Amino acid sequence: MSQFTINLLFVGASFALYFGIAIWARAGSTKEFYVAGGGVHPVMNGMATAADWMSAASFISMAGLIAAGGYANSTFLMGWTGGYVLLAMLLAPYLRKFGKFTVPDFIGDRFYSRTARLVAVACLIIASVTYVIGQMTGAGVAFSRFLEVDNNTGLMIAAVVVFFYAVLGGMKGITYTQVAQYCVLIVAYTIPAVFISLQLTDTFIPAIGLFSEHTQSGMPLLQKLDEVVRELGFRDYTADVDNKLNMVLFTLSLMIGTAGLPHVIIRFFTVPKVADARWSAGWALVFIALLYLTAPAVASMARLNLMTTIYPEGPTANAINYDERPDWIQTWEQTGLIKYEDKNGDGRIQFYNDTPAFAEEATARGWAGNELKVNGDILVLANPEIANLPGWVIGLIAAGGLAAALSTAAGLLLAISSAVSHDLIKGSINPDITEKGELLAARVSMFFAIVIATYLGMNPPGFAAQVVALAFGIAAASIFPALMMGIFSKRVNSKGAVLGMLAGLCSTLVYIFTYLGWFFIPGTNQLANTPDNWLFGVSPLSFGAIGAVINFAVAFIVSSMTEEVPQDVQDLVESVRYPKGAGGAVDH
Amino acid sequence: MSDHTQNQENYWKANVRLIFGCLIVWALVSYGFGILLRPMLAGIEVGGTDLGFWFAQQGSIISFIVLVFFYAWRMNALDKQFGLEE
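For the record, the sequence lines run as chains L and U.
Residue numbers are given in UniProt numbering: position 288 of the first sequence equals residue 288, and the series is strictly consecutive.
Residue numbers are given in UniProt numbering: position 52 of the second sequence equals residue 52, and the series is strictly consecutive.
For reference, chain L alone in the conformation it holds in the complex:
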């Protein structure tokens, strides 16, 4: 059987499963459409949250980022998990007790203001739409690599699949497909990692293998890796970073952003009780950690594997001949994600860090520049091929990558469509809409959200990586502080909340645009995006945490100078703090 047939079989089988679930879990009411009826078991919800959260970025890109950056990129590991601690203690249980359907619902009621609700809807839509573009492009890449269709056809297939189960099933359909998608993606991620860990360290748990002995050299794996990359002019893999302030702020921005992303928060509206929301956050983190504890092992082992493939005799000996390169390099060269150029004409692949500091040694060895470019995104996808694993593992990876992209896309699309149908249409434009009418509005807005996301996925605005950072920055600087103050302070009033959100949002946007270009149009940035230009060494991607501080400060100062919060709203704050009398998620 050809590899193509195997891939088709795995992807086809997983899609058939999602379709089956969609037909079984149709939504019949708005409550089922928005919060899956409010009866999802906490462990089940944890699994769905994990799939909802772990996107194409976590599955495909993160290990590559860590492999390239080493210790410095541990920020992604800590940042994308630490947010769940904030979510579990500061937001999820109280928002579950509040018992409505959407995040702007809470902001509108708590700050007794339609303006606050609309600002929240705007923040939610900007954050979610930017995020969903990345998922659609990720799905397109996976399709084109494994199913040999072109990018746009791949995207159309992805859109039809998501349309089918998200529009039909709403949150109910999405929840149960996400559970299935989690199982597919975690198996796909773990199996190659286990085999590679066994090959390199004789340890079958990758997270332990990372700190074990490298069997071939008898040295600890990380020491071996440090030594190999150092010989080739790269920074030590485990080297400490100098700009600790930026590392702290970047991690903090990712954490606060994670806790403030609406599509993750609404997952906690689906469990029956406040106590379940607390447990569910723990289970979500367990399921996420299964991938996040494995990812750093995949990163360092793949990096070492790559180095030893290029330098089979060690980094001080000759590199391999281009003609003798392994099959997987040839496969990935066809996609353009690996590029080779024989600069010194010796037919070998010299792969090293082309910096002035290493120039002398490079010249001494007769090298005329780095000859190999490897896109970090291929590490996870090529892992089974690098480790010579059988064809079915490659098929599994294809299904896993698609599961990661589709599950996150569906969650985001639900957050967008509920903000439109529930907060805009029912909340502002037509409050008298019937249950049936609202359900139809939810499905129609979901349809349009998918069309827009697919269009943007086909014509990516050319700044995919920056946009994801923008989504986190907005969530961190606008949504998270507003929600937290709404629960933990009775003093913050509507003026304070609205001005705080706007101040956080605008300061973050201005800082990002100053370095990355206004609305990301190249050439419109005032300052070059280099560490020397950053204010106090804070990168634009780390600014979300500062935006959040600005939001808090403005909200408290404005509130202290303006009117007290009305008594009935203070009573609302009281009621979300105590679990007693929660009941199910209810409509107005």
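Hints in this document: simulated from the structure, not taken from any laboratory.
Small disclaimer: the values here were computed from a predicted structure and weren't measured.
For each residue, glycine too, the CB sits at the ideal point set by N, CA and C.
Careful: at least some of the hints might be erroneous.
Said to hold, decoys possible - From the structure, some residues in chain L lie toward chain U, with a derived Cβ separation under 8 Å:
(1) Y71
(2) S74
(3) M78
(4) V85
(5) F211
(6) L222
(7) D240
(8) V274
(9) W279
(10) G282
(11) V286
(12) Y292
(13) P579
Fit chain U to the known structure of chain L by using the hints.
Just chain U, lined up with the frame of chain L:
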């Protein structure tokens, strides 16, 4: 203030204290051991590197899981103790 609201007040204070304690550990394992205090932990070797590296790539995540479950367990007990459970 009536007994009822006094009880709720105490429950909320206990919750905030618990959150505060958990967040101190949260910050210590990630921003502390994983980032800022790494040079101080450089002497403690773990599998070819130092303890700070382990915390940044493994330890902090494991600690987060323990923290969230600890918080859920303590809070669910507090709900019952104060008679505020669902």
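A quick look at each hint next to the structure:
Interface hint at Y71 of chain L: satisfied, since its Cβ lies 6 Å from the closest Cβ of chain U, which is below the 8 Å cut-off. Evaluation of the S74 of chain L hint against chain U yields a held restraint, the C-beta minimum of about 4 Å falling below 8 Å. Taking 8 Å as the C-beta cut-off, the interface hint given for M78 of chain L holds, the closest approach to chain U being about 5 Å. Taken as an interface hint, V85 of chain L checks out: its beta carbon lies about 5 Å from the nearest beta carbon of chain U, inside 8 Å.
Hint status for F211 of chain L: holds, given a least beta-carbon distance of 3 Å to chain U, under 8 Å. Among the interface hints, the one on L222 of chain L holds; its C-beta lies about 4 Å from the nearest C-beta in chain U, closer than the 8 Å criterion. The interface hint given for D240 of chain L is met, as the beta carbon of that residue sits about 6 Å from the closest beta carbon of chain U, less than 8 Å. Proximity of V274 of chain L to chain U holds as hinted, the smallest CB-CB distance being about 6 Å (cut-off 8 Å).
About 5 Å separates the beta-carbon of W279 of chain L from the nearest beta-carbon of chain U, less than 8 Å, and the hint is met. The beta carbon of G282 of chain L is positioned within 8 Å of a beta carbon in chain U (closest approach about 4 Å), and the interface hint is therefore held. Using the Cβ-Cβ criterion of 8 Å, the hint placing V286 of chain L at the interface with chain U is satisfied: the shortest such distance is roughly 6 Å. The closest approach between the C-beta of Y292 of chain L and any C-beta of chain U is roughly 6 Å, which is under the 8 Å cut-off, so the hint is satisfied.
Because the beta carbon of P579 of chain L sits about 5 Å from the nearest beta carbon in chain U, less than 8 Å, this interface hint is met.
When each numbered hint is compared with the structure, no violation occurs for any of them.
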